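J.: Line by line, the protein sequences are chains Z and L.
For the first sequence, our numbering gives the first residue as 1, with consecutive numbering after it.
For the second sequence, our numbering gives the first residue as 1, with consecutive numbering after it.
Certain hints may be false.
[Said to hold, decoys possible] Some chain L residues judged to face chain Z by a derived CB distance under 8 Å, without partners named:
no.: 1; residue: Y3
no.: 2; residue: L5
no.: 3; residue: L67
no.: 4; residue: P68
no.: 5; residue: Q82
no.: 6; residue: R86
no.: 7; residue: Y198
no.: 8; residue: C202
Derived by calculation from the structure, the hints in this document are not laboratory data.
As the structure is a computational prediction, the values presented were derived from the model and not from experiment.
Glycine included, every Cβ here is placed at the ideal spot set by N, Cα and C.
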Amino acid sequence: MNDLLLFFNEIWIARIPLLKGLGMTISISALAIIAGSILGIFVGLSLTYGNRLLRFFVRAYTDFVRGTPVLVLVLASFYILSTIGVDLSPFEAGVLALSVFCSSHIGEILRGALQAIPPGQTEAAKAIGLSFRQTFTSVLWPQALRQMLPTWVNTAAEMVKASTLLSVIGVAELLLRSQEIISRNFMSLQFYFFAGLLYFVINFSIEQLGKYVERKTTIPS
Amino acid sequence: MGYTLNFAVVWRNFDQLLAGLLLSLELAFVAILIGAAIGLITAFGLTSRHVWLQRVSMLYVTIIRNLPILVLILFAYFALPQLGIRLGKIESFVATLAIYSGAYLAEVFRAGLLSIPQGLKEAGLAIGLKPMQIRTSIIIPLMLRNVLPSLSSTLISLFKDTSLAAAIAVPELTFEARKINVESFRVVETWLVASALYVFTCTILAAIMRQIERRLTIGR
Numbered sequence: 001m002n003d004l005l006l007f008f009n010e011i012w013i014a015r016i017p018l019l020k021g022l023g024m025t026i027s028i029s030a031l032a033i034i035a036g037s038i039l040g041i042f043v044g045l046s047l048t049y050g051n052r053l054l055r056f057f058v059r060a061y062t063d064f065v066r067g068t069p070v071l072v073l074v075l076a077s078f079y080i081l082s083t084i085g086v087d088l089s090p091f092e093a094g095v096l097a098l099s100v101f102c103s104s105h106i107g108e109i110l111r112g113a114l115q116a117i118p119p120g121q122t123e124a125a126k127a128i129g130l131s132f133r134q135t136f137t138s139v140l141w142p143q144a145l146r147q148m149l150p151t152w153v154n155t156a157a158e159m160v161k162a163s164t165l166l167s168v169i170g171v172a173e174l175l176l177r178s179q180e181i182i183s184r185n186f187m188s189l190q191f192y193f194f195a196g197l198l199y200f201v202i203n204f205s206i207e208q209l210g211k212y213v214e215r216k217t218t219i220p221s
Numbered sequence: 001m002g003y004t005l006n007f008a009v010v011w012r013n014f015d016q017l018l019a020g021l022l023l024s025l026e027l028a029f030v031a032i033l034i035g036a037a038i039g040l041i042t043a044f045g046l047t048s049r050h051v052w053l054q055r056v057s058m059l060y061v062t063i064i065r066n067l068p069i070l071v072l073i074l075f076a077y078f079a080l081p082q083l084g085i086r087l088g089k090i091e092s093f094v095a096t097l098a099i100y101s102g103a104y105l106a107e108v109f110r111a112g113l114l115s116i117p118q119g120l121k122e123a124g125l126a127i128g129l130k131p132m133q134i135r136t137s138i139i140i141p142l143m144l145r146n147v148l149p150s151l152s153s154t155l156i157s158l159f160k161d162t163s164l165a166a167a168i169a170v171p172e173l174t175f176e177a178r179k180i181n182v183e184s185f186r187v188v189e190t191w192l193v194a195s196a197l198y199v200f201t202c203t204i205l206a207a208i209m210r211q212i213e214r215r216l217t218i219g220r
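Required output: the full structure, derived from the provided sequences and hints.
T.: Spelled out as structure tokens, the structure:
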């Protein structure tokens with residue numbers, strides 16, 4: 001009982017760093033998913049509709065990113081960019097790495113969704129005289145979006161999990177803040193558990209949101 | 001700018017990188033073997049008729065899938081000793097990775113189990129097999145063949161996850177690359193070679209697994 005009181009007392013003492021860390025985790029994830037989605041849409045479109053050359057380069061990009069561990073992407077982005085004279089803070093380098101990682105996933109998801117649409121629909125759109133742009137915006141994209149949305153939401157949870165890797169390059173997100181607190185009070189069991197609990201709550205909520213979106217977007221058959 | 005590439009240091013330490021790569025592969029293989037066993041048991045739990053078995057399995061899967069793996073790794077290595085569970089770096093990392101992959105494989109195996117036609121089990125009963133025999137000689141082999149593609153992508157992502165062992169100083173590929181980076185400052189070269197090794201190995205692994213899948217597919 002005394003231990004528990006001690007633990008709550010320590011949490012109260014550390015409340016500001018913990019909240020800052022949580023805020024940082026959320027900002028990293030949000031930025032990575034927004035930037036990654038924008039980049040990912042270009043990746044997906046290039047993979048599906050690009051000419052041979054563009055497809056080759058974008059395919060090489062996605063394969064390279066997907067074949068490399070995220071931690072290596074984070075470390076490489078942090079160390080390489082500063083060496084070649086691009087001055088980025090650890091935060092910026094980390095968010096860049098996560099966005100690149102996210103873009104390859106979103107790109108593949110979008111490609112899958114677009115290719116799952118029966119080609120007859122494109123032909124029908126052509127037959128009634130729609131331009132490619134019109135076909136895309138009013139026939140293909142809405143259907144692809146419906147199929148992507150649940151996975152998209154779950155990618156947000158992936159980003160929250162991947163944001164912990166930025167602690168390695170010194171970004172003061174939730175995990176690094178917890179480690180700092182532990183190095184002060186040595187309560188590793190309690191504070192790793194507490195950090196885990198916070199991550200669980202965030203990710204579980206996102207997962208439930210994903211399931212909700214999935215229920216809402218499936219067409220009843 | 002003004003950075004000239006010079007791979008000399010990286011080549012000089014290439015055997016270190018290869019040793020790291022080998023350790024990464026070993027970690028991934030051991031973890032997926034144990035993880036598959038955990039996943040299989042959990043999948044039977046998930047599809048079981050006993051409600052409490054279902055709940056316990058679901059709880060494990062939900063908790064693990066919603067936690068960042070880095071937190072699990074640090075927890076296992078730094079926090080468990082407080083409870084008297086003291087493991088070496090490699091043991092604690094492999095155990096964490098196995099428990100982590102077990103939760104993902106449980107979902108894969110569950111889908112596989114549900115895809116086995118009920119009639120096969122009935123046929124097994126009809127020729128007098130016991131439920132355990134039906135599992136080991138009919139259901140599991142068929143299910144494993146069906147889930148092989150998911151199994152190979154899990155293996156590849158586990159191989160990439162071994163990079164996180166660097167956080168607790170296990171000398172795998174990322175750790176070795178970091179060491180070379182810190183010692184030599186050949187930053188661009190080190191990380192290019194390290195990522196190339198990862199990408200190359202992932203491609204080879206994927207090709208091998210595809211070959212195995214092809215071997216095991218029944219002609220249709």
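J.: Against this structure, judge whether each hint is valid.
T.: Outcome of the hint check:
1. Y3: Y3(L) check passes; min Cβ-Cβ to chain Z is 5 Å, inside 8 Å.
2. L5: 10 Å, violated
3. L67: 5 Å, holds
4. P68: Given a least distance of 4 Å, the restraint on P68(L) holds.
5. Q82: 4 Å, holds
6. R86: Since chain Z brings no Cβ nearer than about 13 Å to R86(L), farther than 8 Å, the hint is violated.
7. Y198: 5 Å, holds
8. C202: Hint on C202(L): holds, closest Cβ of chain Z at ~4 Å, below 8 Å.
Violation of the numbered hints given earlier is confined to hints 2, 6; the remaining hints are satisfied by the structure.
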